[in-house]
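Chemist: Residue numbers (the working numbering), protein chains in the order written: chain U, 1 to 554; chain L, 1 to 329.
Hints listed in this document are in silico derivations from the structure and should not be mistaken for laboratory results.
A portion of the hints provided could be inaccurate.
[Said to hold, decoys possible] What the simulated footprint calls covered on chain U by chain L, stretch by stretch (three residues with Cβ under 8 Å from a Cβ of chain L suffice, anywhere in the stretch; the number is not a length):
id, region
1, 379-393
2, 457-471
[To be verified] Under 10 Å between C-beta atoms, here's a sample of chain U residues computed to sit facing chain L:
id, residue
3, 61
4, 97
5, 452
6, 491
7, 495
8, 554
[Said to hold, decoys possible] Below, simulated BS3-like cross-link-like pairs (lysine-lysine); rule was C-alpha separation at most 30 Å, straight line:
id, chain 1, residue 1, chain 2, residue 2
9, U, 390, U, 372
10, L, 228, U, 473
11, U, 273, U, 47
12, L, 125, U, 372
13, L, 125, U, 390
14, U, 390, L, 57
15, L, 17, L, 228
16, L, 57, U, 350
17, L, 125, U, 47
18, U, 350, L, 125
19, U, 473, L, 225
20, U, 248, U, 390
Ideal placement from N, C-alpha and C gives every residue a C-beta, glycine not left out.
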Amino acid sequence: MSLKYRLLVILGLIGASFWALFPRTVVERVKRNGEFVYDTVRRVPLKRGLDLQGGMYLALEVDESKGVVPDKSKAIDNALKVVRNRIDEFGVSEPVVQKAGNDRIIVELPGIDDPRRAEDVVQKSAFLEFQITDKTQALEKSLPRLDALLKDKKLVVAVSTGSAATTDTSSRAGLQSLFTADTSKKADSSKTDSAKAAAATVGGPGAFSRLVQQGQMPGEYYVAQSDVATMNQYLALPEVAAALPPGKVLRWSSDTASLGNRIYRALYVLDAKPIITGEFLTDAKPNTSPTEGNLVEFTMNNEGARRFRTETSRHIQDYMAIVLDQRVMGRPPVIQSSIGARGQITMGGKDLQAAQDLALVLRAGSLPVPLKVIDVRVIGASLGQDSIHKGITAGVIAIALVVIIMLGYYRFSGALAVAGLALYILYTLAALAGFSAVLTLPGLAGFVLSIGIAVDANVLIFERIREELVHGKTIRTAIDEGFRHAMSAIVDSNVSTALTAAVLYQYGTGPVRGFAVTLLAGIAASMVTSIFVVRTFYMLWLNRSGEAQTTLSI
Amino acid sequence: MLRILHDTNYDFIRWWKVMAGITIAFIVLGLGSLAIKAPNYSIEFTGGTLMQLEFVKPPDVAEIRSTLDQAGIQGAEIQQFGTNREFTVRAQNPGAVAAQANGAESISVRIEQVLTQKFGANSFKVIRTEAVGPRVGSELRRGAIIAILLSFLITLIYLSIRFEWRFATAAVIATSHDVFTTIAFLKLTHLEISLTVVAGLLTVLGYSLNDTIIIFDRVRENLRKGRKETLYETLNRSINETLPRSVLTHATAFAATLALLIFAGEVIRPFAWVMAFGIVTGTFSSIYVAAPVLLWIERKWPRKTGARQASSTATPTSRTQRSPATATR
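Build out the structure end to end from the sequences listed, making use of the hints.
Modeler: Written out as structure tokens, the structure is:
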């Protein structure tokens, strides 16, 4: 290839690199005055990973703790659509929602400021059921059996000693904070409850019946907040589950109520078969009512409305529990007359944000299978910014050190290598932008490291040229031979490193993948600059100075 | 021109027994201590919760610890991270059903709550949270092992094609030596083994392999010249001839590593340490593992072609060496 074409190729590559790195206008979801809108923004097309820009990463899997899911892959496909709908409405710029492997959903939310809320929106099953509360006193009838059962199994001694001994209450409060969020309220209530526990029960001193007392409507029972954990332990026993009234289910209320100075959580006994589920829901809107606080209004489609009307007309004067994800929302209202297409869910004491989120997940549809979070990473935006800053500092220092070493040792030829290094950096960044690779923190570190390793090819070539010069070759021949002899070592070492990087890419996740991509881009750029670009520089130098040149600074 | 270590003629390989002793002692020490105490895996591998907190003013670590203990988050590791205002809190996920039902995040939520109660709102900021389920951790561990083994296999195949199986085997054995020394190094320095560190380990493998290939490339070339010398002498000559290149490349690579070590911050530091050690072990193994192993293989399974036989009686054959890719074996 003649010198002219070589120069053209190099200039072309530089041009292409600048074009690839030039800030361009793209349409993106951005936040404007707190609202998410699609807008055009100008930015350098280098995508930063979550660890560099801050944000949230979630990995979700099918939760099989409540039943086996036969076709997980299909279930995940369906869940993926729902999650994507929810995230789209949630309002994040450039979210990623994708399936990973056969049974996993990956969600990436850059720049999120409330990770807990985001996690909730993604994970909430949003399975809505309308169930009639039990009017047959079914639980009371089962209480003797339940008590006897617990006594027989001697389980009562093992789990409920805490409720009798006051000394244990503090440790039990600690245990309960596993289940509930507010620790402050419980601490007070647990002191008083154990003393009163025996007096306030419905059915005598049995272990089970001691925990429950009759509520104000059919099928409603109160359990002291401090006993909720114990109750859950009882209910988890298979023997207890078998002894519960058939055709009925027990559901906790979503919030607590205080009676006197004690805090209770309501436990409802409901008809197991819901009169209708949320599948017929067409719309849900958050609203605030002066009497009931925050609520979500929903609308059903025609078929749902028809069924709802028929079912509710059969249950006039009954109480209907609105059950969301197995929690009873608010107090079950009494059915005055048949209800049609519209209804509402009261949010209890929760804020408008909660109502908005609930409306959002109801609109986006319920998850076909429950999902559990198996991996969460939240990186603050400041940490990402800090990482970039430090990475760039390290990069600049690395470049400075390498330049000093190369110039100090190889002089003029070192300067050619440094020019090559400048192009190496440009080409690598352009390659990353061109393949829309994601720049992560390990990737940035790998890039800095590669600056030190990229000159290796130059070093190999220069040492070869020196050897040829020592053997008495002319400068032109020495350069030619030097490049030729160094070639096999450069190719073999770079290809084997590239193969390792490819393996890393295949088996790595997230940040490590970013690292592998940076490595691959670096290897390609390093081979181009050391073999092709620096060679061209030499040819240019030889041409300019002609055959008269007798010394080469190397 | 400035020249260092030019035209040297050290008998490097003579010391291989001493060097083998040293490196085996190091590996035994490192891996032996693995039996006593598990290495410091990051939560990516163990599963658990990690929070990085930035306090407004330096807090009392003992106070943080007792607050967490009281809240039932027992055995949390609290470590200073960079400045004395930044800390990481690391808690294992309890195996209880509660954690399952409430998701992996719940522990971080609780940590934030109890610390807010103790130190007051706005006294600290959570700048990073990671919560990993146990399954993800075991998957990653398997992935890392597969990645290393697969990269060996691919290297073996590639070098067998480009050189021949003896060289390929020696290079892979030298590289696996580096895996062991690096693991020993990680164990002895108690550095945290994260995904980034595993990536660093793989970079070290690539770097070491690079170094071995450069020397073997010279051996290949010198063998082709058909000098009247033993393979032992050829190896020594090749190492000496590539010595200036080795020094220069290691210097620039080390300079970049040093920049990372000092300036790139706490998250990258373990990676930089691995790389710094890797430059040392990679250089060492290219000379004192790859070369002796190659000699040993040659003795066991000598090559048929006279020209490249490791005996001094080999007859020099004149052949043109245009492209190394057409090397016959």
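Chemist: For each hint, tell me whether it holds in the structure or not.
Modeler: Here's how the hints hold up against the structure:
Only residues whose beta carbon comes within less than 8 Å of a beta carbon in chain L count, and the region 379-393 of chain U has 9; three or more means the coverage holds. For the region 457-471 of chain U, the assignment as covered by chain L holds, since 5 residues bring a beta-carbon within under 8 Å of that chain's beta-carbons and 3 suffice. For residue 61/U, the suggested interface contact is upheld, since its CB lies about 8 Å from the closest CB of chain L, less than 10 Å. Among the interface hints, the one on residue 97/U is violated; its C-beta lies about 18 Å from the nearest C-beta in chain L, farther than the 10 Å criterion.
The criterion of a C-beta within 10 Å of any C-beta in chain L is met by residue 452/U, whose closest approach is roughly 3 Å, and the hint holds. For residue 491/U, the interface hint holds, since its Cβ comes within 10 Å of a Cβ in chain L; the closest pair sits about 9 Å apart. Residue-level restraint check for residue 495/U holds (minimum Cβ-Cβ distance to chain L is 7 Å; threshold 10 Å). With a least beta-carbon distance of about 6 Å to chain L, the hint placing residue 554/U at the interface is held under the 10 Å criterion.
Distance hint between residue 390/U and residue 372/U is unfulfilled; the C-alpha atoms sit about 35 Å from each other, more than 30 Å. Restraint check for residue 228/L and residue 473/U: satisfied, since their Cα atoms lie roughly 25 Å apart, inside the 30 Å limit. Using a Cα cut-off of 30 Å, the hinted pair residue 273/U and residue 47/U is violated, with the two alpha carbons roughly 50 Å apart. Taking the CA atoms of residue 125/L and residue 372/U, the gap is near 26 Å; set against the 30 Å cutoff, the hint holds.
For a cut-off of 30 Å, the pair hint linking residue 125/L to residue 390/U stands: about 20 Å separates their Cα positions. For the hint linking residue 390/U to residue 57/L, the alpha-carbon distance of about 23 Å falls within 30 Å, and the restraint holds. For the hint pairing residue 17/L with residue 228/L, the CA-to-CA distance comes to about 26 Å; that is within 30 Å, so the pair holds. Simply put, residue 57/L and residue 350/U have alpha-carbon atoms about 34 Å apart, too far for the 30 Å limit, and the pair is violated.
Annotation: proposed proximity of residue 125/L to residue 47/U holds, straight-line Cα distance about 26 Å (limit 30 Å). Proximity of residue 350/U to residue 125/L is assessed by CA-CA distance (about 25 Å); at most 30 Å being required, the pair is judged to hold. Between residue 473/U and residue 225/L the CA atoms are separated by roughly 19 Å; this keeps the pair inside 30 Å, and the hint holds. In summary, the hint linking residue 248/U to residue 390/U is not supported, as the alpha carbons are separated by about 61 Å, beyond the 30 Å threshold.
Violation of the numbered hints given earlier is confined to hints 4, 9, 11, 16 and 20; the remaining hints are satisfied by the structure.
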